[in-house]
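Asks: Just so you know, the UniProt record's numbering puts 76 at position 76 of the sequence shown, and the rest follows in order with no gaps.
The set of hints was computed from the structure by calculation and includes no laboratory data. No experiment lies behind these values; they were computed from the predicted model shown. Note that the Cβ used here is the ideal one computed from N, Cα and C, for glycine as well. Watch out, some of these pointers could steer you wrong.
[Claimed, not checked] Label pairs and their calculated CB-CB ranges: (1) A135 with G12: 44 to 50 Å; (2) A135 with R205: 21 to 27 Å; (3) H16 with L69: 26 to 32 Å.
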Amino acid sequence: LQGKIFGAVVSGADLHSLSDGEWEQIEHAFNEYALLVFPGQFLNGGAQAALARRFGELEFEKSPMTNHLKDSPRPFGLKTDMMKLNLGNEFWHTDSTYQPISAQAGLLSARTLPPSGGGTEFADMRAAYDALDAATKERIAELSAYHSNEYSQANDLGHFPPVGFNDRIYHGDAFLRPLVKVHPATGRRSLLIGRHAFGIPGLGREESRSLLQRLLVDACGREVARYEHRWRAGDLLVWDNRCLMHRARPYDYKEGRRTLVGSRVLGDVRSEAALPPPAPDAGRRALQEELRLLREERTPSDGHRGPALRAAL
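All chains should be modelled from the sequences, with the hints used to inform the complete structure.
Replies: Given below as structure tokens:
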């Protein structure tokens with residue numbers, strides 16, 4: 001990608017019928033560049049899922065990322081739980097860190113696009129780690145943080161999803177992950193942070209929040225290590241979830257229609273499994289306490305604007 005230190009545009013490949021040699025080239029480019037842009041592929045759901053399976057077992061095959069119901073011109077109301085889930089994606093995150101095994105890769109293809117806005121932005125966490133000073137690298141080398149989508153929704157949006165709404169992601173637990181991750185294929189170190197991260201064991205709440213906030217702001221502040229994809233119909237993106245963060249960019253949710261179809265590749269348990277908690281149910285208890293504090297901190301007049309929101313503005 002021009003002017004960037006990661007990412008590549010792949011042309012001349014027909015993703016419907018890749019030879020073994022072409023697949024080897026794509027896999028090599030994926031590990032080197034972390035983000036691959038395939039313009040004008042127009043893959044249907046089955047073809048996209050088949051491509052995703054070449055990377056590994058799937059977390060899910062195909063899921064619409066949209067602001068409206070299927071076959072309906074009416075968008076989700078901005079106050080609905082579904083729309084708040086969409087709004088949460090506007091904050092920097094890594095997929096599925098709130099699950100026992102986080103994702104290896106993500107795929108997105110464009111189906112319906114709004115007149116303007118609605119891009120997807122990526123940030124290279126390998127470059128973010130490399131840019132840290134020696135003292136910070138030493139400080140965070142052995143630190144970890146809990147990850148929860150319930151935390152991030154409450155912290156960023158003041159959204160506390162009702163019990164039973166999307167149990168796959170709002171499951172009441174939090175999983176421990178290192179702040180510094182080693183890529184299983186390349187050996188490169190990267191930061192593992194983002195909106196889902198909270199509660200570094202061994203640090204007080206404010207010290208933990210301050211450190212995660214500073215790392216997040218610094219990680220996403222360099223233009224050469226950040227890329228926004230402005231979608232065109234038929235585009236397909238494939239990214240390495242093990243070393244990139246991403247976020248959705250806003251658009252007119254009331255008037256514009258946007259549908260992207262996502263596939264997610266499950267991570268290898270040897271490298272993407274959560275760390276053992278310091279005690280049984282430690283993650284669940286940490287999440288419950290954090291949600292209690294966030295509820296107390298909210299005010300009816302202005303809600304709560306957490307660290308990830310301030311970093312995203």
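Asks: Now tell me, hint by hint, if it's right for this structure.
Replies: Quick rundown of the hints versus the structure:
1. A135 with G12: 44 to 50 Å: 46 Å, holds
2. A135 with R205: 21 to 27 Å: 23 Å, holds
3. H16 with L69: 26 to 32 Å: At roughly 29 Å between Cβ atoms, L69 and H16 fall inside 26 to 32 Å, so the hint holds.
In the structure shown, no violation is registered for any of the earlier numbered hints.
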